[in-house]
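There are 2 protein chains.
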Amino acid sequence: MSDLKFRGYAVKDTNKWTEFDVVDFEPMGVRDDTVDIEVEFCGICGSDVHTLTGGWGAPHLPLVSGHEIAGTVRSVGAGVKEFKQGDRVIVGAQIDACGKCRQCQDDNENYCPKQVDTYNAEAWDGKITQGGYSTAVRAPQKFVFKVPDNVDLADAAPMACAGLTVYGPMHRFGVKKGTKMGVAGLGGLGHFAVLFGAALGAEVVVYTHQEDKVADAYKMGAADVVLTSEKDWDKKHSMSLNFLISTIDVSKAIPIPELASQLYVNGVLHLCAMPDDPIPPFQTQQLAANGCSISVNHVGSKVEAEAMLKLASEKNVKTWKEVIPMKDVGKGVQGVKNNEVRYRYVLKQDLA
Amino acid sequence: MSDLKFRGYAVKDTNKWTEFDVVDFEPMGVRDDTVDIEVEFCGICGSDVHTLTGGWGAPHLPLVSGHEIAGTVRSVGAGVKEFKQGDRVIVGAQIDACGKCRQCQDDNENYCPKQVDTYNAEAWDGKITQGGYSTAVRAPQKFVFKVPDNVDLADAAPMACAGLTVYGPMHRFGVKKGTKMGVAGLGGLGHFAVLFGAALGAEVVVYTHQEDKVADAYKMGAADVVLTSEKDWDKKHSMSLNFLISTIDVSKAIPIPELASQLYVNGVLHLCAMPDDPIPPFQTQQLAANGCSISVNHVGSKVEAEAMLKLASEKNVKTWKEVIPMKDVGKGVQGVKNNEVRYRYVLKQDLA
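So the protein lines, in turn, are chains P and D. Be aware that the first sequence starts at 1, since it is given in UniProt numbering, and climbs by one per residue. Be aware that the second sequence starts at 1, since it is given in UniProt numbering, and climbs by one per residue.
Okay, chain P solo, but in the shape it has when bound (with noise of 0.2 Å):
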């Protein structure tokens, strides 16, 4: 045991979101295989603005959010053999599973049907869970991921779940070499998939309608940038993709129909960002004409979080980030509802 202090900045009320308090809270009891983590970084998700306006649902109150949490190991469980204190560590967006099921034995334990988000859920022992807009999480070791000497722990943080959630997908799919790969938005999320897709050597093109991203996503490894603003966006590479990832985070601004038209046949247009509401309708037939598939995922799993710090690591693929202090989260969370951000904030501790 450490003498870590759980302290953290949370909202009170979802019609003042960008409002935090900083608060004490408990986090889930010791386990044996649970470690204590002192938190240096944390990066602002969109999942976090769902949560805090209440467009997921109303969360549980005083909250801390935050699920891309970069730091260094201050106390292992008993059981705890992968980490020891000093370690350089991440921890996502979920934190604990069942262990026993289908899932958890065979390396899907992001699809446990008892898994935990690392904020706002109730943990193993009837907790809610906090997050890392915080001085420090505790995580059974299964959630938590070894940074690479050569990975900055900024860099890292939103790794943990921006970057593992399109790339989780990527690996499944298989991107590689020869590969052609479209990515749908321009954020967090897809500024991951085009720094990944590129390390992996896939040739990306990128989809935005903001004309101010373009040589953005050129300089982070896009072979071409298709602006949906302009006429006939979807002519250029049409029926010619493998996969494309859409990051679009507003249901009615995902223009199913149009991507999937930029697929080859039986491509698959994978959707990774969940927006407050469902997806636009479509007709089967709109598909037809290259038998393509749509499909969507759950964050990642371990081995796809150290297959994709691996990749970091010796790609040296860098963020594109703004760091800012943790008590300006409320402009922070501010800023990502307002697609202001380039391209993800990552708050530096200043608790401690």
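Worth flagging that the hints you see were computed from the coordinates, not collected in a lab. A few of these clues could be false.
As the list makes no split between identical chains, a pair holds if one copy fits it or if it spans any two.
Listed below are the simulated SDA-like cross-link pairs for lysine to any residue, each with C-alpha atoms no more than 20 Å apart in a straight line [said to hold, decoys possible]:
1) Lys114 with Arg31
2) Lys100 with Ser238
3) Lys84 with Val30
4) Lys252 with Pro280
5) Lys252 with Ile279
6) Lys337 with Pro325
7) Lys236 with Arg102
8) Lys252 with Pro281
9) Lys252 with Gln286
10) Lys252 with Phe282
11) Lys114 with Asp234
12) Lys114 with Gln285
13) Lys252 with Asp277
14) Lys252 with Pro278
15) Lys348 with Asp328
16) Lys176 with Val268
17) Lys142 with Glu38
18) Lys5 with Ala123
19) Lys315 with Gln334
Position chain D against the provided structure of chain P, taking the given hints into account.
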């Protein structure tokens, strides 16, 4: 050139879609690669009803529909090596393609952008294609499939569309022994999915709301049948299927989230039918519990058609059908619309 007459049962008004008159028609012009086929049987497909009623838009009238065609080759073009007079063959829903594009070159001719439907479409010479409720059809050899000796022509006819439409995706997904496969909706398509699934050695679970079909499903080879009219029908096989084919042809009757919930991690919900309306809107969150996909297809390729017919021959697959005289086609289409058919009407030639 044979002395075949091209005459068929045609609808002249979508408001009178059960009234058929015998008309003469001109088929597509002869090419080096065309085959003239004397029609012996033609299945009635749900597509015929969608087209004749105007559900898929206003058709060219008068229209001879029918794209589950079985018959005997009477003559072949100068370049045809694959067929000779007297061969027993079938023709399905697609009758031509460009032969040159990437899709045509890699056995995805069913996704050629210049694909030509067997009826109600513009042929290479501008003629409107007419279907198999008729004495004869002319088809390029690429879209003619040879029927194995031990398969009856009346059984083979509905395989040309209903069979191939479900077998195609099963083939691409790799259904085999060890696959746990669902079939939702036990009509013409669904019954083939059960028959072929069982023939491939898969464990087939049928979902139907019709109690009077349960015994049939078991006889077709289902391992289990779930009555979707019962409470909590989606609990028993929750999160366990690898692949689920929905053949439900009415949009609002497709319970997307409940069907998706039957799938194990990364399973595929495949929508074979093409209802008149968009599928019910859903949230990506509703598919996130297992990270599944929703996919569609447009019939199947020749490679798949030949694999299907080989399977039918080797495993002695028998179509469940009601053979009726071709002149009763009006009662037939009404019976399909009313969901009275068990499980396919096959029209027997009476015009020749």
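To see whether the hints hold, each was checked on the structure:
In the homo-oligomer, the alpha carbons of lysine 114 and arginine 31 lie at most 20 Å apart inside one protomer (17 Å), although the nearest pairing across protomers, at 63 Å, exceeds that limit. Taking the closest pair of Cα atoms, lysine 100 and serine 238 come within 20 Å of each other only across two copies (17 Å); inside a single copy the shortest separation is 44 Å, beyond that limit. In this homomeric assembly, lysine 84 and valine 30 come within 20 Å of each other (Cα to Cα) only inside a single copy, at 16 Å, whereas the closest approach across copies is 78 Å. When the C-alpha separation of lysine 252 and proline 280 is checked against a cutoff of 20 Å, the pair qualifies both within a copy, at 6 Å, and between copies, at 15 Å.
Taking identical chains as interchangeable, the C-alpha atoms of lysine 252 and isoleucine 279 lie at most 20 Å apart whether they share a chain (7 Å) or sit on different chains (16 Å). In the homo-oligomer, the alpha carbons of lysine 337 and proline 325 lie at most 20 Å apart inside one protomer (18 Å), although the nearest pairing across protomers, at 65 Å, exceeds that limit. Only between protomers do lysine 236 and arginine 102 lie at most 20 Å apart by alpha-carbon distance; the minimum there is 16 Å, versus 43 Å within a single protomer. With identical chains, the CA atoms of lysine 252 and proline 281 are at most 20 Å apart both within one copy (10 Å) and between copies (12 Å).
When the C-alpha separation of lysine 252 and glutamine 286 is checked against a cutoff of 20 Å, the pair qualifies both within a copy, at 17 Å, and between copies, at 17 Å. When the C-alpha separation of lysine 252 and phenylalanine 282 is checked against a cutoff of 20 Å, the pair qualifies both within a copy, at 12 Å, and between copies, at 12 Å. In the homo-oligomer, the alpha carbons of lysine 114 and aspartate 234 lie at most 20 Å apart only across protomers (19 Å), although the nearest pairing inside one protomer, at 41 Å, exceeds that limit. Taking CA atoms no more than 20 Å apart as the test, lysine 114 paired with glutamine 285 passes between copies only; the shortest distance there is 16 Å, against 37 Å inside one copy.
In this assembly of identical chains, lysine 252 and aspartate 277 lie within 20 Å of each other by CA distance both inside one copy and across copies; the values are 8 Å within and 19 Å between. When the C-alpha separation of lysine 252 and proline 278 is checked against a cutoff of 20 Å, the pair qualifies both within a copy, at 9 Å, and between copies, at 15 Å. In this assembly of identical chains, the alpha carbons of lysine 348 and aspartate 328 lie at most 20 Å apart only when taken from the same copy (10 Å versus 77 Å across copies). For the homomeric pair lysine 176 and valine 268, the shortest alpha-carbon distance inside one copy (15 Å) is at most 20 Å, but the shortest distance between copies (22 Å) is not.
Taking identical chains as interchangeable, the C-alpha atoms of lysine 142 and glutamate 38 lie at most 20 Å apart only when both belong to the same chain, with a minimum of 17 Å there against 66 Å between chains. In this assembly of identical chains, the alpha carbons of lysine 5 and alanine 123 lie at most 20 Å apart only when taken from the same copy (19 Å versus 76 Å across copies). With identical chains, the CA atoms of lysine 315 and glutamine 334 are never at most 20 Å apart, being 32 Å at best within one copy and 63 Å at best between copies.
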